[in-house]
Amino acid sequence: MKPGAFGYRRAESAEDAVRLFLEVGEGAQYLAGGQSLMATLNFRVSEAGTLIDLTRIESLKGIEQRGNAIHIGALTTHASVARSSLVRKRLPLIAEAYVHVAHPAIRNRGTIGGSIALGDPASEMPACMLALDAVIHANGPAGKRSIPIDDFYLGLYETALEEGELLTGIEIPLPAEGARHGFEEIARRHGDYAMAGLAVMTTGRRARMAYFAISDRALRSTAAEDAFVSGASPAECAEVATREMYVFGDLNASENMKRHLAGVLMRRVLLSLDGGASA
Amino acid sequence: MTLTKYDRPNSYIGSRVPRPNITRLMAGRGKYIDDKSLPRMLHVVFVRSPFAHARIVSIDATAALAVEGVASVLTGRDIVDVVSPWVGVLTHLSGMRSPPQPCVATDTARWQGEPVAMVLASSRAIAEDAATLVDVDYDPLDAVCDMEEALEPRSPLIHPGYDSNLCWERKVEAGDVDAAFADPANTVVERSFDFGRHTGVTLEPRGCVCEYDPAEDRMTMHYSGQAPHMIQVVLAKHLGIPEGRVRVISDDVGGSFGIKVHTYGDEIAVAGAAKLLKRPVKFAADRLESFQSDIHAREHRVRVKAAINGEGLLQALDVDDITGIGPYSVYPRSSGIEGNQVINLTGAPYRIPAYRGRLRVVFQNKVPTCQYRAVGHPIAMAIMEGVMDELAKATGCDPAELRRINLVPDDAYPHVSAQGMKFADLSHQKCLAKLLDLMDYEALKQERDRLRGRGVYRGIGIVSMVEVTNPSPMFYGVGGAPIAAQDGASARLDASGALHVASSITEQGQGTDAMLAQIAADGFGVDLDMVHVKTGDTAVVPYGGGTWASRGAGIGGEAMLQACKALKAQVLEAAAAVLQAKPGALDIFRGAVTDLDGTERMTLADLARMVYYRGNELPAGLSPEFIATRHYKVSDVPFVFTNGAMASYVEVDTDTGIVKLLKHWVVEDVGTIINEQLVDEQIRGGVVQGIGGALYEECVYSDDGQLLNASMADYLVPMSVEMPDIEIAHVMTPTSTSELGAKGAGEAGTAGAPGAIMNAVNDALAPLGCSISKMPMSPERILRALGTVD
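In the order they appear, the protein sequences are chains U and G.
Mapping of the first sequence onto the numbering used here: position 52 corresponds to residue 52, and the numbering continues sequentially without gaps.
Mapping of the second sequence onto the numbering used here: position 485 corresponds to residue 485, and the numbering continues sequentially without gaps.
For reference, chain U alone in the conformation it holds in the complex (with noise of 0.2 Å):
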């Protein structure tokens, strides 16, 4: 289980990683924790003609309050931020979610920024990313961008990034106050990729629901969100939250298996923000 031969370069900072990848060219990839990539080159499904490594970039890590948001580097580290008291403090969600992500080996190395740009449809951190409204911050051969999350995946580990386009760090408005949040995910074993999960934020009458491990891509459902709105019950949102929900099945779990997960889910957490905390 070893890869097949690649090419590495090691880039300095944001601009020097872009200029490197023009400069490879073809079969160019960002390497930033590899905890996907090393394993898909290690198994021979991919092949990578030279791997631009990110790790060293320091600008690219760290997580910073600038205004009413959070900005997070792409290349911090799952277990960083699961650490971070401001995340913990403003963004509770986050620090929720974390305990599901993975084993601490992964979390030391694995990054949120190569997490979100990888887009695994099973991850945690797309789908919070959806609740949370986030920006993400780009640079590219185009130049520097930002890409509201909504608009960011597009299918199976397909996102807006465009070639060469390098994911640098994501930007969190902080929740209002009175806002509250909720997650749930249910896996057969703890820090499994998830059979179903949900991240919910809302705030008094607005509210976004984002599954993940249900579809090709964590996706928000806006029939429940709006239905949440209008004063549905939790029932009543999981109901149509499943009527409306583009369902994927897997190994651990068929088509009707997530679909019945996710109304779960839409019940549970619902339920869980009436009795809970407030954000």
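Careful, some of the hints might be misleading.
[Stated by the list, open to error] Pair by pair, the computed Cβ-Cβ distance ranges are:
1. E68(G) with D216(U): 40 to 46 Å
2. E47(U) with V172(G): 53 to 59 Å
3. Y613(G) with M1(U): 54 to 60 Å
4. L203(G) with S59(U): 52 to 58 Å
5. C770(G) with K144(U): 38 to 44 Å
6. M723(G) with M1(U): 23 to 29 Å
7. D216(U) with V456(G): 31 to 37 Å
8. E68(G) with K144(U): 43 to 49 Å
9. S146(U) with E148(G): 56 to 62 Å
10. T222(U) with L203(G): 45 to 51 Å
11. D139(G) with E58(U): 53 to 59 Å
12. S702(G) with M1(U): 58 to 64 Å
13. M1(U) with T106(G): 23 to 29 Å
14. E47(U) with S702(G): 21 to 27 Å
No lab work stands behind these hints: they were computed from the structure.
All values derive from a computational prediction rather than experimental measurement.
No residue lacks a Cβ here, since even glycine has one placed at the ideal position from N, Cα and C.
With chain U's structure known, arrange chain G on it following the hints.
Chain G alone, transformed into the frame defined by chain U:
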């Protein structure tokens, strides 16, 4: 508890001493296969069939051979010239058939993952690169996967020379089964069970390093395995090398669970390549090929029918088992033993006057299956205990009470079951009573019932079990397999007073060496740190079977006890002559020759130095032998059976199908306990493996025979977070077949846990009017049973 001869102050038998080898292993100084590196060594990577069933039209290795660092590419046709094919049948499993199996496929690949060529290069990475360039032209054939469809007349045939895909069929009948089922006074229930395929997932994957010396025609295999002497015979026979010139060395082995006791084509092909190329060759399986080539186990579909009379006593049992074993019966133990043990062991704890069993062992295009920890037991226990709960439900009897009244009483041994199994020294009644006490059965039932009212679904599952341990020659030797049923031990006193012992049983991480050291120190009379244990080298240790079927302590341990007692007698004879005493008036205690009251007369070191260096000082005519060897086999019975009882307490989330394991209890009778901590951890580890089979582990195949989850991300082994607290207690009924009195401890947990958990889940689901009988009991299967997912 009464004192025994093992309760002397200097006794190590029965004490929880730390394992002597644990410091070395924890310090990272273990010597596993991949740590081995020899001059001029080549690394092998196997090209494995991507199809479950395909004709190999041609193999073109030109591109692979052009890669720098590649020494050779060998195909099945190259290897068959140096390694002859084998046939994996046992003659005492009458009627079993399996065709000759080449170690690397020659014309047809019959499972996805079967080796078809080997690439030898200066590094594993280069060999992997080159392996992708070997161009194999396959002509895919229809794959036969479902075991029932495999037996249908229109099914494609896996072996062209055979008239069907049946490997073996066995029928057994005793007593009037039909009359019992027809009697209107009896209550009759019937259930079907499905058991998924799973595999062993050893921490250290399989592997070997082979070196061949053409000058002396000697083959040495460094081998991660459980039965070095068996592999020695296999190598000699199939490579045509005199057996005495084959040496098999097993240093540290990182887990085996029965996976590493079989003949694997890839491993023997490594020896063939070493002989052909005259260079050392290393093979270390990676995780992907472990899933595709380690033996799988289980995959049974069983129908069971049982009858009890008005008093709740079992009257008859009918078992029909079909099991899929892949395309070949595995050499030399055969793939018939698992099903055979299902037929032999179902109902073993109980008195059952009439029994009918049918077993069909079926070829299919999947990875071969063979003996894996608790061979056949989890199926035999789960189906019987599932039926017991069904009978309890049908008659309104408490499940524990129904078991109690049907168990073979502790004072009724020896007892022969309807299948003809001879049982002795078992303690089912004591174990069940202790289990119910340990778990506080009545309080637990009340808690379960109280919570049901609140919509919390908890269940209790109970299992009584019998396990095959300490097998005699009737297991394999009688069937023509080159597998020793006896084990040998030698004990030698050196000039410093240290005791060097060697044994033919093997250490795979479970503490064999510790157990042997305790028996040796105890039997001879020295401190534990004066004992040095050698296992796992056919050039050094006495001849014997190795460690499998829970035979290490019972057979290897008894041989060690007898060897050390013999050495003690020899040493005392010399000491008596020197000290002018009678041997019977002396003892050995903590490294010194003493009077019977413990008064020290001389140290062993002083005696040994006198004997070894200054023999001139010894009385005339005395020529001491400070080495002794003894062998031991079980002779009067085919097996020394072990027994126990187990219970599981679970909660089922009826929304998600997730089973939460709340608690697990085991009461086990392994006879004499040598090291309680090691026994307890054997049982706990076994329970966890049983939990794997019950809830998580399954080799998932597509209809065309592709293994879909061959990675640690997709194949779910049980992990610590989900494991319950496992409480263990013991009943001790030493076996009367040996002086040591030890029975085997390795099967218990795995044997009973799946049945206990299945019964607990079904007890939890009972108020909802449904049940599940398919393992692993995944969340989706549970929700399908509940009818909430379709």
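Checked hints:
Checked against the hint of 40 to 46 Å, the pair E68(G) and D216(U) passes, with Cβ atoms roughly 42 Å apart. Here the CB-CB span from E47(U) to V172(G) is close to 56 Å, well matched to the stated 53 to 59 Å. The given range of 54 to 60 Å is respected by Y613(G) and M1(U), whose C-beta atoms sit roughly 56 Å from each other. For the pair L203(G) and S59(U), the supplied restraint of 52 to 58 Å is violated, since their beta-carbon distance comes to about 41 Å.
Here the CB-CB span from C770(G) to K144(U) is close to 58 Å, at odds with the stated 38 to 44 Å. Separated by about 28 Å at the C-beta atoms, M723(G) and M1(U) satisfy the suggested range of 23 to 29 Å. D216(U) and V456(G) have their C-beta atoms about 36 Å apart, which keeps the hinted 31 to 37 Å range intact. As the Cβ distance of E68(G) to K144(U) is approximately 44 Å, the hint placing it in 43 to 49 Å holds.
For the hinted restraint 56 to 62 Å between S146(U) and E148(G), the CB-CB distance of approximately 59 Å keeps it satisfied. Range check, T222(U) to L203(G): about 47 Å between beta-carbon atoms, so the 45 to 51 Å window is met. Checking the proposed 53 to 59 Å range against D139(G) and E58(U) shows it holds: the Cβ atoms sit about 57 Å from each other. The given range of 58 to 64 Å is broken by S702(G) and M1(U), whose C-beta atoms sit roughly 22 Å from each other.
Roughly 27 Å separates the CB atoms of M1(U) and T106(G), a value that falls within the hinted 23 to 29 Å. One distance hint, 21 to 27 Å for the beta-carbon pair E47(U) and S702(G), holds here, with the actual separation near 25 Å.
In the structure shown, a violation is registered for the earlier hints numbered 4, 5, 12, in ascending order.
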